[in-house]
Amino acid sequence: MLDGKDGKARQKAMELLVRYGEALGAERLVATDNIAGVPGSSNPFLAKYYHQHGGGNHDAIFSLFDLDSDEIVEVPKASAHTCHLQGGYDPDNWQLLGASPEGFKISQESEAYIAGRGVQILKTCTPYLAGNVPKKGDHCAWMESSAVVYCNSVIGARTNTEGRESTSAAMLTGKIPDWGFHLDENRLGSHLIEVDFEIESVMDWGMLGYFCGEVVGEKIPVLNGKFKADLIRHKHFGAAAASSGGVEMYHIAGVTPEAPSVEAAFGGRKPLEVIKYGLAEKRRTYDNLNSRAKDTDVDYVMLGCPHYSLEQIQGAVELLEGKKVNANTQLWVFTSRAVKAVADAQGLSKRLRDSGAVLVTDTCSSIAQAVPPGTKVAALDSAKQTHYLPAIMNIQAWFGTTQDCINAAVTGRWNGVRP
Amino acid sequence: MSVDTAVLKGRKVVGGVVEGEALVTRQTISGWGGINPTLGTITETRHELRGVSFKDKILVFPGAKGSSGWSAMFHMTRLSGTAPKALLFTEMTTKVALGAVVMRVPSMTDFDRNPLDLIETGDWVKVDADRGIVEVRMIAPRSAALRTGS
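Those protein sequence lines, which keep their order, are chains A and B.
The numbering of the first sequence is the working numbering, which starts it at 1 and goes up by one.
The numbering of the second sequence is the working numbering, which starts it at 420 and goes up by one.
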């Protein structure tokens, strides 16, 4: 491909991957047929910049930004299975989220462009809940830290935290540097986390994840204890660990696919450190997450980080049964288009609407930088969103159970209990 | 008055030769949610460099953290003319490698000693990534052990 026989665009993509592989110190590229990125995605900044420098059409943005090329090339169809992760605009609710008509139009145009290149428009941070589930051992090239950690840890597929340019180049070449988590020796555990009580609720899993990220940073925690974790709990655990630290992979002894035992998870090596997670650590984590909240009048409740699954939407609907969202509070629930389509068909979207809540797709409050006007205090059931949203929107945020959040939406007041 | 100097050896990440003033932090840097690419400043709430500009500086830091949007955010600093002149870092990740590549600034890692111990903000630093050499002219004297690495 480097010689240009497969076309100019693939040549440029391969040139970028070679530069990137050399920067990493990788010895070779590896074949991949599962890519999750944001190819060709435009926004007012990029649209304006490339309008002034290089013509401004979608091939220009893909060539000059995604492929970091100095010349504009005609972009062909994807040659490996590729999906588009979350974006900034819900096609049905962009006005509710306060987006500008110009921004929405640019986003719609770039979506049509990239769909025309064979990219699946999943528009979610949870591709594994919307039709893209790799199998164990698959080499992938994924962006989105919460999806990366799920892919490596729960599925046992292999991906580094890729970026926009590397995923777009992989989309045209089916290659990615063979480095980091693609290699067996880099997938072994580093720190042993001993958990001596049962981790039950989604909130509990979020706090444990947040704790793990804080204590291991970029390393690989191995959890040992009695666990019953479903997909949803893994999703919240990994997202939290990837935001407080840089966790891209974890093991749970006897649960995750590359950890039949604690010893296997460490590959026979000794842990760098053994760390206990008990009630004191749990309380400290709760206090850290809630450190920026003090006012109990709640303006906004956000659920769906990472994007809610169908059963989580069902759960929220049931908690809201026979109740209404408070007149002073708004409740937005975020999910993917695929899950929303089923929620629509099952009548769940309507039941949310009847309670005064809104089901939103494609994005979240942090990505879209969108909260209801005048929001000073939010309530969240996601440790990851609690990590990001207060800093991005300069608001207070409470973290608690989904039940705590629904209660806040109904009463307008935070009543969560410290564990 | 004599000026303290020191030389570090490391591995080229992105080639090129450049010199400029050092900006040093012991904290990793977030791209998405951590910088303003239009202004070239650090924005992360609890970062020790919050509000500080890295434009045209030799950025000396441990590496990248946070969202996978790291490379795209630093890519935009190049478009905005606010990128650092060079990157010297100690922890290799896919985020910082790709970011360095698309920023197209001389970058190095894998040093024979820790640049975070040796270089201070304000030092004059010459980066020759092609040869794998960093020369540091210190604004304030350091101990002999730091200069020689012994």
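Wrong hints could be hidden among the right ones.
Label-pair distances were calculated between CB atoms; the ranges are [claimed, not checked]:
1) Lys474(B) to Asp138(A): 33 to 43 Å
2) Lys350(A) to Gly500(B): 44 to 54 Å
3) Val274(A) to Trp543(B): 42 to 52 Å
4) Arg550(B) to Gly131(A): 25 to 35 Å
5) Lys474(B) to Pro260(A): 44 to 54 Å
6) Thr457(B) to Asp3(A): 56 to 66 Å
7) Asp531(B) to Gly137(A): 48 to 58 Å
8) Ala341(A) to Gly500(B): 41 to 51 Å
9) Lys545(B) to Gly225(A): 26 to 36 Å
10) Ile121(A) to Thr424(B): 51 to 61 Å
11) Trp543(B) to Gln52(A): 31 to 41 Å
12) Ser100(A) to Arg561(B): 43 to 53 Å
13) Asn328(A) to Lys474(B): 38 to 48 Å
Since the hints were derived computationally from the structure, they do not count as laboratory data.
Computed from a prediction, not measured in an experiment: that's the story for all the values here.
Even glycine gets a Cβ: it sits at the ideal position worked out from N, Cα and C.
Going down the list of hints, with the structure as the test:
no., hint, in the structure
1, Lys474(B) to Asp138(A): 33 to 43 Å, "holds, 41 Å"
2, Lys350(A) to Gly500(B): 44 to 54 Å, "holds, 50 Å"
3, Val274(A) to Trp543(B): 42 to 52 Å, "holds, 45 Å"
4, Arg550(B) to Gly131(A): 25 to 35 Å, "violated, 49 Å"
5, Lys474(B) to Pro260(A): 44 to 54 Å, "holds, 51 Å"
6, Thr457(B) to Asp3(A): 56 to 66 Å, "violated, 38 Å"
7, Asp531(B) to Gly137(A): 48 to 58 Å, "violated, 38 Å"
8, Ala341(A) to Gly500(B): 41 to 51 Å, "holds, 44 Å"
9, Lys545(B) to Gly225(A): 26 to 36 Å, "violated, 52 Å"
10, Ile121(A) to Thr424(B): 51 to 61 Å, "holds, 56 Å"
11, Trp543(B) to Gln52(A): 31 to 41 Å, "holds, 35 Å"
12, Ser100(A) to Arg561(B): 43 to 53 Å, "holds, 52 Å"
13, Asn328(A) to Lys474(B): 38 to 48 Å, "holds, 44 Å"
Checked against the numbered hints above, the structure violates hints 4, 6, 7 and 9; every other hint is satisfied.
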